[in-house]
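Colleague: Starting from the given sequences, assemble the full structure and let the hints guide the process.
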Amino acid sequence: MEERNNKYELSALYIAVLSSLPFFFCADVAARSYTFEPSMLNVDGNDIDLSIFESGAQLPGTYYVDIMLNGKLVDTKEMEFSRERNKDGEFVLSSCLTQSMLNRYGVKVGDYPELFVNSSNGKVCGDLSVIPGAFSYFDFYNQQLNLSIPNVALYPKYKGIASEELWDNGINAFLMNYQANAQINQYRNKKNREVSSYWARIEPGMNIGSWRIRNLTTFTKENGNSEKRESVYTYAERGLTSIKSNLLIGESYTNSDIFDSISFRGIMLHSDESMVPYSKYAFAPVIRGIAQSQALIEVRQNGYLIHTVSVAPGAFEISDLPVTGSGGDLQVSVIETNGKNQSFTVPYTTPVIALRENYLKYSLVGGMYRSAYSGVDNTALIQMTAMYGMPWNLTTFVGFQGSEHYNSVATGVGLSMGDMGAISLDGIYARGQKEKQNKEDGYSWRVRYSKVFDITGTNFIAASHQYSSDGYQTLSDVLDTYGHSNYSYGGYANRSMRNSLTISQSMGEWGTFSFGGVRDEYRGNRSPQNSINALYSNSMEWGTLSLNWSQNKITDSSRSVKDKKENIFSFWVSIPLYRLLGNTSNNINATTQIQKYDNQKMQYEFGMNGRAFNRQLYWDISQRLAPGNENYNDASRLNLEWYGTYGQIRGGYGYSDSLRQMNAGISGTAIVHSNGVTFGQKQGGTIALVEAQGVDGAEVIGWPGVKTDFRGYTALGHLTPYQENTVSLNPA
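All letters in the sequence shown, in the order written, are residues 1 to 732 by the working numbering.
Among the clues, some could well be false.
[Said to hold, decoys possible] Within a straight-line C-alpha distance of at most 27 Å, the following computed DSS-like cross-link-like pairs (lysine-lysine) qualify:
1) Lys221 x Lys340
2) Lys565 x Lys601
3) Lys340 x Lys564
4) Lys565 x Lys553
5) Lys228 x Lys340
6) Lys221 x Lys244
7) Lys228 x Lys682
8) Lys439 x Lys451
9) Lys191 x Lys340
10) Lys228 x Lys244
11) Lys553 x Lys601
12) Lys340 x Lys123
13) Lys108 x Lys77
14) Lys596 x Lys565
15) Lys108 x Lys72
16) Lys221 x Lys601
17) Lys340 x Lys565
18) Lys553 x Lys596
19) Lys244 x Lys108
20) Lys221 x Lys191
21) Lys340 x Lys682
22) Lys123 x Lys191
23) Lys564 x Lys596
24) Lys596 x Lys340
[To be verified] Cβ pair distances, simulated, as ranges:
25) Lys451 x Gly524: 33 to 41 Å
26) Ala182 x Lys436: 25 to 33 Å
27) Asp470 x Ala590: 29 to 37 Å
28) Leu640 x Phe460: 39 to 47 Å
29) Ser148 x Ile208: 37 to 45 Å
30) Ile267 x Ala590: 52 to 60 Å
31) Tyr604 x Ile243: 35 to 43 Å
32) Glu724 x Gly524: 51 to 59 Å
33) Pro731 x Pro132: 43 to 51 Å
34) Ile649 x Trp392: 54 to 62 Å
35) Asp127 x Tyr155: 15 to 23 Å
36) Lys564 x Phe460: 24 to 32 Å
37) Gly524 x Ser343: 21 to 29 Å
38) Gly224 x Lys451: 16 to 24 Å
Hints in this document: simulated from the structure, not taken from any laboratory.
C-beta: ideal position from N, C-alpha, C; glycine also.
Modeller: Spelled out as structure tokens, the structure:
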């Protein structure tokens, strides 16, 4: 009971003192000291020392404070403050700055051997007075510990990279991304044929210390056929931060800075640019096209299915590809519900190589060749590439590939020309022997150029690849012939040249325009192949519009002529009705689309889409009209997707006179960690386990439906490794 009374008296004293402060602050500003009379506080003041308040100081103790370095927030934490005298003999509140803290804040602690001293309580704390011009002070009323340290005593802050003192391996956990889709097409004709297809994708993984184990496996099943399973990759990797590199063991893909990306099973050691300031992240292509009906898009790289998505009729764009390696052509199949399928190739070429001076980028690979074709021999291979940034904005690079049946060497140079852009020139000499054939050799050379015109807002990328002799072949061209009796030589067969051009133009309030084209030329009588796409888009106050034209080579098994060029035009408009309705939470949009195909009449589509239930439900409804069009019917479509705390579910229904289509899907993430199992929406890249113990239903701001579960956990992906990522919660 006595203890409770003492606590009450201390609280009463503190409150009484604080409540009396305003009266004293009203005194003459010239006053230098104040006197408090303990007897006026209505407590036993015989043993109470009020001198701390007479000098304008505050009580020592533990406070939750923002730590500011040169005016910028660098940390927020509980700090214990004690009463000490400064150099002027005045009492101030001071806290212990540990070596770990100053390292995290970027202080060059190694340059000041006398920085750390033993305090009276035995802790090793930093004495900022050792650094000329440095000091700290505690702003009690704003609860801020302010540190002022000259820049000469701080490491440079690099944009886009966190201090290495903040890097860690994360937590040990088992991860599982999953996605499953099912689609049933019922053709309403005399036979009433039904076609069903199922597709699933799992990405299991495990984090153990500094190691990351990852796998990507896809499953497909169609119309009662046996299930087909493909393992795209399985590997274990870890970062080697001391040398800014990554070590990978297992099945993966090489990069394509010099050679074409190949699949291998073995070991790869390569530099990791995500650990480097101003890092250049892996380039990923954007696939654009036009679907003539509700369609399933399949994307393959090196023969492996890496992505699939169901799209509505009209123009589509795929920008979230899980591309493996840094390049390699992508084979795109557009599986139409009307039976008129398309297929085309999207060239995937890395941008021009131009490294900073003294920066080394390398890759060492050793193992076995891993083909997408069944039955191909496992042939040992090695690959070595190195690029180095030299003075005068030059970059040189060399490479070597070797196996039992194939060898190639490459060399080249890249030049960064400042305002004139960047250019690279490289050549490859290859010598190989296909199974049961004579040895052949040949060479190719490639020139690449890129330039951003800041004044006009134009981005220009051009590449030309010349195959100067018939005998040139890649490692895959040769090794795929061993053990695979049905292998059909393709790829670079008889190709003499490939030219590609990409131009994007920003026109400010007038929108943006982009143009892309690829031309392949061949030896012999084979005609050149062209692929062209042009897009104009603009966002205005009243809505968004886009105009798209594409020309692709299509493959149609129902036609006697397999290869044909087809022009497709599309005009699309979206009007944000939610602005007119004054309700920004539902995001209701009205859309109109007009499409025109060669030798066919116009098609019109009208629709609406939006969100509901705190943006967790996305809905999309549309009606297509095809007046006088023999190949297409009027059709209706409805799609729904729910973004829940524990995952995502989706479903769709389409109806026309000739077809009824139903589809459903589910996706999500599961994380098994030391505190249990957490389920959430499907995540990618670097994933954070968000913990707010005991807080149920707190929303992660900016991510519809991503909320903490009943225990206070959720998962959030798409974070950037080796950078500071901010995650904000709304507990309401």
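Colleague: Does each hint fit the structure? Answer for all of them.
Modeller: Hint by hint, here is what the structure shows:
no., hint, in the structure
1, Lys221 x Lys340, "21 Å, holds"
2, Lys565 x Lys601, "18 Å, holds"
3, Lys340 x Lys564, "13 Å, holds"
4, Lys565 x Lys553, "5 Å, holds"
5, Lys228 x Lys340, "24 Å, holds"
6, Lys221 x Lys244, "42 Å, violated"
7, Lys228 x Lys682, "23 Å, holds"
8, Lys439 x Lys451, "40 Å, violated"
9, Lys191 x Lys340, "19 Å, holds"
10, Lys228 x Lys244, "39 Å, violated"
11, Lys553 x Lys601, "21 Å, holds"
12, Lys340 x Lys123, "76 Å, violated"
13, Lys108 x Lys77, "22 Å, holds"
14, Lys596 x Lys565, "15 Å, holds"
15, Lys108 x Lys72, "18 Å, holds"
16, Lys221 x Lys601, "35 Å, violated"
17, Lys340 x Lys565, "14 Å, holds"
18, Lys553 x Lys596, "17 Å, holds"
19, Lys244 x Lys108, "21 Å, holds"
20, Lys221 x Lys191, "22 Å, holds"
21, Lys340 x Lys682, "32 Å, violated"
22, Lys123 x Lys191, "85 Å, violated"
23, Lys564 x Lys596, "17 Å, holds"
24, Lys596 x Lys340, "15 Å, holds"
25, Lys451 x Gly524: 33 to 41 Å, "35 Å, holds"
26, Ala182 x Lys436: 25 to 33 Å, "44 Å, violated"
27, Asp470 x Ala590: 29 to 37 Å, "57 Å, violated"
28, Leu640 x Phe460: 39 to 47 Å, "42 Å, holds"
29, Ser148 x Ile208: 37 to 45 Å, "42 Å, holds"
30, Ile267 x Ala590: 52 to 60 Å, "55 Å, holds"
31, Tyr604 x Ile243: 35 to 43 Å, "59 Å, violated"
32, Glu724 x Gly524: 51 to 59 Å, "57 Å, holds"
33, Pro731 x Pro132: 43 to 51 Å, "45 Å, holds"
34, Ile649 x Trp392: 54 to 62 Å, "57 Å, holds"
35, Asp127 x Tyr155: 15 to 23 Å, "20 Å, holds"
36, Lys564 x Phe460: 24 to 32 Å, "31 Å, holds"
37, Gly524 x Ser343: 21 to 29 Å, "23 Å, holds"
38, Gly224 x Lys451: 16 to 24 Å, "54 Å, violated"
The structure is inconsistent with the numbered hints 6, 8, 10, 12, 16, 21, 22, 26, 27, 31, 38, although it conforms to all the rest.
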